[in-house]
Amino acid sequence: MVSEYKGPRSKYYFYIGGAIFSFIVLIPLYFLVIIAFASPSQTLGAYYPPLIPTKFTLDNLRAAFSGYGSILIAAFYKSLETAFIVASIAILLGFHAAYGLTKIPYRISNLILGLLFFSTMIPSLTIAIPISSTFIKIGLYDSALGLALAQELVVLPLTVFLITGSLESVPRTLEYQARVDGATFIQALYRVIFPLAVPGVVAAFLLSWLMSWDEFTFAVIISPVHPTLPILIYLESTARGNIFTGTVFALLVTIPVIILTIILSKFLRGSYMSAGITG
Amino acid sequence: MVRWKDEWTAYVLMLPAIIYVLYLAFIPALEAVYGSFHTASGELSTYNYRFVLSTFGTSPIINTFVVTASALLLQFTVAFMVASLLSKPFRGRGIFSAIFLIPFGVATIVTGVLFHDIFSTFGGYANTVLLDLHLKPVDWTGSYGTSLLVLILADSWKNTPIVTLVLLSGMVTIPSDLYAQAMVDGAGPISRFFHITVPNMLGFIAIALMIRGISEFNIFAMALLLFPHELLTTMTYALFDTVNAYPADAGATILLAFVLVFAALVMFMRSRQGKVSSNGK
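So the protein lines, in turn, are chains A and B. Everything in the first sequence is counted per my numbering, starting at 45 for the first residue and increasing by one. Everything in the second sequence is counted per my numbering, starting at 121 for the first residue and increasing by one.
Mixed in with the good hints there might be a few duds.
What the hints assert, rightly or not - Listed below are the simulated DSSO-like cross-link pairs for lysine-lysine, each with C-alpha atoms no more than 30 Å apart in a straight line: (1) A:147 with B:125; (2) A:55 with B:208; (3) B:256 with A:99.
Derived from the structure by calculation, the hints contain no laboratory data.
Build the full structure now, drawing on both the sequences and the hints.
Below you can see the structure in the form of C-alpha cells.
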C-alpha cells in the first residue's frame with residue numbers, strides 16, 4: 045500500500061514488531077494456564093514462582109470441580125442462559141430496528157441511532173440501581189431473564205449498528221424486484237433481506253453473546269445471590285475464596301471465548317464497527 | 121421510492137428497540153438523578169451529595185480522571201503502533217491480527233484476576249522477573265503509583281484491541297498518495313504521522329475516544345480487584361444499599377455528569393472535524 049514498505053529488508057521490522065506484541069498478548073494467558081495446571085508450590089504458593097514450572101498436577105482442577113461443582117455448574121448455566129437470551133433479543137429487536145432505519149430519511153435515522161447510542165453513555169451503575177429496585181418489585185431480581193434485560197442495554201445499540209452496516213451492503217435492486225413481483229414490505233424483509241444479511245446478523249449475535257459473557261456491573265447488582273461466572277470468579281479471587289479455584293474458573297470462561305473471538309476476527313474488521321458512526 | 125405506508129411500517133419495526141431503551145435506560149437514569157436529590161423520607165435535599173463528599177472527599181473524582189487519562193494515553197499509543205503495523209500488507213498479517221484480538225475476548229474479570237496474580241507481592245511473576253534481572257522486588261499494591269500502573273496495564277491489555285480495530289479502519293482510508301507526496305517533499309516518519317495520519321483520522325480517533333473514554337470512566341470490575349483506592353464507580357458500589365439507594369444515586373449521578381461532559385467534548389471535536397474535512401473537499 046505504502047511504497048516505502050515494499051523493500052524486502054523492512055519486512056523484518058514487521059515480524060519483530062509482531063513478535064513483540066504477540067508476546068505481550070500471550071504472556072498473561074501463559075500464566076493463566078500455568079497457575080491452573082502446575083503444582084501450587086511452584087506457582088502462587090511460592091514466594092517467587094519459577095517462570096517455567098516443572099511439576100504439573102490436576103489437583104487444582106479436581107478441587108475446583110469437586111468442592112464447587114454445583115455452584116460452578118449453576119453459574120456456568122446462568123452465564124450461558126443469560127448470554128443466549130441477550131443475543132437472541134439483540135437480534136430480534138436489532139434486526140427489525142436496523143431494517144427500519146434503512147427505510148426512513150437519513151436525518152431521522154441518524155437521530156434515532158444517536159438516541160440508542162446515548163443510552164450506552166449512561167453508566168451501568170447509574171441505571172443498575174433503579175433497575176434492580178424495579179426488578180425486586182416485579183420479581184425479575186436475580187433471574188437470568190432480568191439480568192439479560194439489563195445487559196441488553198449495553199449490547200442493543202451496537203447490534204443495531206452492526207446490522208445496519210451489513211444491510212447497507214445488500215443491493216437495493218433485489219428488494220425492489222421482489223416488490224415488483226408482488227411481495228409485501230414484510231415478505232421482502234424476511235424472504236429477501238434477512239438471508240442476505242445473515243453474515244452481519246451472525247456477527248451481531250456472537251458479539252452480543254461475548255459481551256454478555258463478560259458483563260460484570262449489572263450482574264453484581266442485579267444478580268448477586270445466584271452469581272454468573274464473572275461474579276463467581278470475582279468472589280473466588282478475593283480474600284474469601286480460593287485463588288486457585290478462581291483461576292481454574294477463569295480458564296474455563298476463557299477457552300470458549302478465545303475460540304469465539306478468533307471466529308469473530310473475520311467479522312470484526314473495524315470498518316463494520318465504525319461505518320455507521322462516521323456516516 | 122418509499123410509499124408512506126412502508127415508512128410507517130419502518131417506524132413500527134423500530135419501535136420495540138426504542139421503547140426498550142427509553143424504558144430501561146432513560147427512565148432509570150432520570151430516577152437515579154431524581155433519587156439523588158431526595159432523602160430516604162422523600163424530602164428534596166442535597167444531603168446525599170454532602171454525605172458522599174464528606175465520606176469520600178474528592179479523591180474518587182481525581183482518581184477517576186487520573187485512571188481515565190493514563191489508560192487512554194497508553195491504549196492510543198500502543199493501538200497506533202499496532203494499527204500501523206497491521207495496515208501494511210505482509211505475509212502472516214492474518215495470524216498476527218487474530219492474536220492481537222484475543223484479549224478482546226478475555227473477560228474483564230479474568231484479566232483482572234490474571235494481573236492480580238502476576239503482580240501479587242507474594243507469588244507474583246512480575247517480581248520473579250525483577251529478581252531474575254537482579255532488581256529489587258516491588259510491593260505492587262502497596263502504593264498509589266504502582267497500583268495505578270497495574271490497573272492501567274491490565275485495562276490496556278484487555279482494551280487496546282478495540283482501539284486498534286477502529287484506528288486501523290481509519291488508517292486504511294488514507295490514500296497512500298498522500299504519504300508518497302509527503303516523502304517526495306522530504307517529510308520524515310514522525311512529521312508524516314502528525315501531519316497526515318492524525319489529521320485524516322480525527323473522526324476515527326473521536327470514535328475510539330468515545331467508546332473507550334466512556335468505559336474508562338466506568339472502569340469497575342478490574343478496579344475492584346486491582347486498585348485499592350476509590351474511583352467514582354467503586355465508591356458508588358460501596359454506597360449501594362438495597363434499603364437506601366439514594367447516596368449511591370448521588371455517586372452515580374456525579375459519574376453520569378462526567379460521562380456526559382466527556383461525550384459532549386468528543387462530539388464537539390468530531391463536529392469540528394466534519395467542518396474541516398468538508399472544507400477540504
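Structure-based check of all given hints:
With a C-alpha separation of about 11 Å, the suggested pair residue 147 of chain A and residue 125 of chain B falls inside the 30 Å cut-off, and the hint holds. At roughly 10 Å between alpha-carbon atoms, residue 55 of chain A and residue 208 of chain B fall within 30 Å of each other, so this suggested pair holds. Straight-line distance between C-alpha atoms of residue 256 of chain B and residue 99 of chain A comes to about 27 Å, which keeps the hinted pair within the 30 Å bound.
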